[in-house]
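Novice: Dock chain B against the given chain A, drawing on the hints supplied.
Sequence order for the protein chains is A and B.
Per the numbering used here, residue 1 is the first one in the first sequence, and the count goes up by one each step.
Per the numbering used here, residue 413 is the first one in the second sequence, and the count goes up by one each step.
Do not take every clue at face value.
Said to hold, decoys possible - Dumping the calculated EDC-like pairs for lysine to aspartate or glutamate here, alpha-carbon to alpha-carbon at most 16 Å: (1) Lys369(A) / Glu542(B); (2) Lys720(B) / Glu805(B); (3) Lys720(B) / Asp61(A); (4) Lys348(A) / Glu508(B); (5) Lys182(A) / Asp260(A); (6) Lys181(A) / Asp262(A); (7) Lys308(A) / Asp473(B); (8) Lys374(A) / Glu357(A); (9) Lys348(A) / Asp473(B); (10) Lys760(B) / Glu96(A); (11) Lys218(A) / Glu258(A); (12) Lys222(A) / Glu265(A); (13) Lys361(A) / Asp347(A); (14) Lys773(B) / Glu96(A); (15) Lys785(B) / Glu769(B); (16) Lys760(B) / Asp61(A); (17) Lys361(A) / Asp473(B); (18) Lys781(B) / Glu130(A); (19) Lys773(B) / Asp61(A); (20) Lys361(A) / Glu508(B).
Said to hold, decoys possible - Derived Cβ-Cβ restraints for the label pairs, each shown as a range: (21) Lys781(B) / Glu265(A): 54 to 62 Å; (22) Gly526(B) / Val365(A): 36 to 44 Å; (23) Lys373(A) / Asp516(B): 26 to 34 Å; (24) Thr167(A) / Lys781(B): 29 to 37 Å; (25) Arg484(B) / Thr290(A): 39 to 47 Å; (26) Lys773(B) / Glu75(A): 21 to 29 Å; (27) Gly411(A) / Asn627(B): 43 to 51 Å; (28) Val76(A) / Gly779(B): 38 to 46 Å.
Just so you know, these hints were derived from the structure itself, not from any lab.
Cβ coordinates follow ideal geometry from the N, Cα and C atoms, glycine included.
Protein chains: 2
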Amino acid sequence: MDRNYKIETFEDVSGLGLIKGFKVAGAACDIRNKGDVSRLDVALVVSDSPATASGVFTTNDVKAAPVVVDMRHLEVSAKAKAIVANSGNANACTGERGMRDAVDTCKFTAGILGAKPEQVLVCSTGRIGEFMPMEKLRSGIKSAADNLSSSDAAGAAAASAIMTSDTRPKTVLVNVEFDGKKFSVAGMAKGAGMIEPNMATMLAFLASDVSISQNLLKETLKAAANKTFNRITVDGDMSTNDTVLCLCNGSGGVEISESDADAIEAFRAAVAEACRVLARKIVGDGEKITKVVEVKVVGARDDAQAEKICRSVGNSLLVKSSWYGCDPNWGRLTDAAGYARTGIELDKLDLFYDGVEVLRKGQPVDGNKPLWKKIVSNKTFGILINLNLGSAEDSILAADLTEGYVNFNKGE
Amino acid sequence: MDRNYKIETFEDVSGLGLIKGFKVAGAACDIRNKGDVSRLDVALVVSDSPATASGVFTTNDVKAAPVVVDMRHLEVSAKAKAIVANSGNANACTGERGMRDAVDTCKFTAGILGAKPEQVLVCSTGRIGEFMPMEKLRSGIKSAADNLSSSDAAGAAAASAIMTSDTRPKTVLVNVEFDGKKFSVAGMAKGAGMIEPNMATMLAFLASDVSISQNLLKETLKAAANKTFNRITVDGDMSTNDTVLCLCNGSGGVEISESDADAIEAFRAAVAEACRVLARKIVGDGEKITKVVEVKVVGARDDAQAEKICRSVGNSLLVKSSWYGCDPNWGRLTDAAGYARTGIELDKLDLFYDGVEVLRKGQPVDGNKPLWKKIVSNKTFGILINLNLGSAEDSILAADLTEGYVNFNKGE
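For reference, chain A alone in the conformation it holds in the complex:
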């Protein structure tokens, strides 16, 4: 089927400031309490006019205060004017005081920007269980608001300010053309640890110049997040703070209306593409990882079976350790596929590394052995598992498990 749109993707750009009508900033206010006043830790994203807004949030029972506040704000207001985000402190497991702090952060930011509190969305990432140093945060927000701009420098500062153990900022710009019209979607994200599907410690902010209804935006964002951010895994740990937000301010003049199938298709593709690029960047910058592996399951009886096996393989410590060691250990792969307990039949299972046959009907194709080793020694490769039971499929992007990860996360 021909696409009715043209899409162009740019990585490592300056971020949300590239969208007309959006200004951004990053500021430093030592939220970590380490006297480190050069470490950016507050990001501000502001739309000139109130933008249609939607979000996708962690499904963890334990939700951080900012997540609870944003869910409420998006319920009472279809429009948002700003996103304020900090790194260094997650404001999670902080009880009523944490809730008050998150609410106050929105009020304070709204006051500066001349917006309503419910038009401000707040995000926090960092250590769990510590109270937010509100005095510092307010000074950071003030300083960011004073420096809002569309410049590349401001975009880079905002993308850096949301980083925790990330080693590099993550940004994307997607330009789309359809029916002679043009629009853009830009995004920035942070990831690193506690990354499991279903929204793990990650934040992603998207901005677009289209005009769109909240319902249609919600549906589009949810579908895109599900196939991208919810299909990555570093360590299988899902965080209390994961949030994806998208603001569409209509500044470009293109309307994505419910009745225009071409427009909807083009916008869906753009949002999905932006999310795909950011999700891949998050896995690729996972804590101390050395490899990114795509695990794809095809020929499944149904979607649930395909997804379960993808996650079981992508989260297996033994499988992930063997990737780290460049060991083409297919036995651990079939073991992990089997303990997903979805009813696979080993004597029907075909397995490939980057298209090279490893198992045919459950039996090793030993002649290819030298090739296996070569492939799994690469920094990225693909594993394809054909269950030969049906036609459903799914895939996940997974990182390896390294000694460095354990050392990095062993704490004090």
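Specialist: Relative to the frame of chain A, chain B by itself:
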């Protein structure tokens, strides 16, 4: 409630040969193909008379050939005469040839012992996906059969022969007295890697001198395994070969009959105790672990909620890494409890380390901080999570995650 029986447990004994009417042996036959002829790799357990037998097996979709063969044998025969086990090769993912090899192993052993093939149970543990060197295995079985005895040396040899990456043999003896009668249950096990609840790469063999029906034995063994071997986790990986077998040959003259509630209670306690000791030994000897932590969840709405949270916490890479680092990181604990997605309420949750309060109604009891650090620096400690939602509870024994584990398992 008073117990109507007296129970005594002895660890690190010589094993199954301690039960009257059982003989054991270990032999070396270089199944690893490394020319290492001093490494014991075949164990044989033989009952003088056919013994009532039952087993609990891996629930992995991908079951190794010996597992499939044993399940069939126990279906057609309530009695077994022998267990033959090898380490070094799992005979898993080996297709029809692997099935023929497992069947032939039983036939060969039965021939030597003058038993029926279906009275022999076979177990294999080791590398997946390689064909069994049958010539070597047969010579090993022959040599073991020639050396069957009840001696301590034979017991030690058998317990060593089933080890893979275990650093020490694991054995137990439980003596029970009730109503003036005495009986015993002895056991040996191997563990080390691929250890997740639900029967992960582990083998455990139990023998008793009671006489009992297969149905009652089955029920007893299943219940005991569920609360012991199915409640331990090293790495969350469940193997293709996990097997627990129990043979009861009646040599002691005590009958455990369906109508004798006292006898049933005493036997259940003995089997559960033997399994508990062996399960703890398996976790304590997990690959490159430094700590064993009991995670207990109480006050759950139902059993399923308690179990899910135990497993979510016990398998979290971030939680396990923090144990390794002696970091009392309760934020990761509540995060993992939350992403089990069972509907916990943080503001009701109490958390304790070895009885010392960490969280009260979701909020840290910071005054106890120095104590937390001291406790999580111990080699073993307990985490108690009270959800305050109901009265169900569960617990799991979990190991930490170390750099050594990753290095050990990175393969080639």
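Novice: Can the restraint linking Lys773(B) and Glu96(A) be considered satisfied, given a maximum Cα separation of 16 Å?
Specialist: holds, 12 Å
Novice: Please test the hint of 38 to 46 Å on the beta carbon pair from Val76(A) and Gly779(B).
Specialist: Since Val76(A) and Gly779(B) have Cβ atoms about 39 Å apart, the given range 38 to 46 Å holds.
Novice: Hint check: Lys374(A) vs Glu357(A), CA-CA at most 16 Å. Holds or violated?
Specialist: Given pair Lys374(A), Glu357(A) holds - Cα atoms ~13 Å apart, limit 16 Å.
Novice: Could you grab the alpha-carbon distance between Lys773(B) and Asp61(A) and see if it respects the 16 Å cut-off?
Specialist: holds, 15 Å
Novice: Against the 16 Å threshold, does the CA-CA distance of Lys369(A) and Glu542(B) hold or violate the hint?
Specialist: holds, 13 Å
Novice: Next pair to validate is Lys781(B) with Glu130(A); report whether the Cα-Cα distance is within 16 Å.
Specialist: holds, 13 Å
Novice: Okay, Arg484(B) versus Thr290(A) on CB: inside 39 to 47 Å?
Specialist: This hint holds: roughly 44 Å between Cβ atoms.
Novice: Hinted pair, alpha-carbon criterion (16 Å max): Lys720(B), Glu805(B). Please report holds or violated.
Specialist: holds, 11 Å
Novice: For the pair supplied as a hint, Lys785(B) and Glu769(B), is the alpha-carbon distance within the 16 Å limit?
Specialist: holds, 12 Å
Novice: Need the status of pair Lys182(A), Asp260(A): alpha-carbon distance at most 16 Å?
Specialist: This hinted pair holds, its Cα atoms lying about 15 Å apart.
Novice: Does the hinted range 26 to 34 Å hold for Lys373(A) and Asp516(B) at CB?
Specialist: With a Cβ separation near 32 Å, Lys373(A) and Asp516(B) satisfy 26 to 34 Å, so the hint holds.
Novice: Between the beta carbons of Thr167(A) and Lys781(B), is the distance compatible with 29 to 37 Å?
Specialist: Holds, at about 31 Å.
Comparing the model with each earlier hint shows no violations; every hint is respected.
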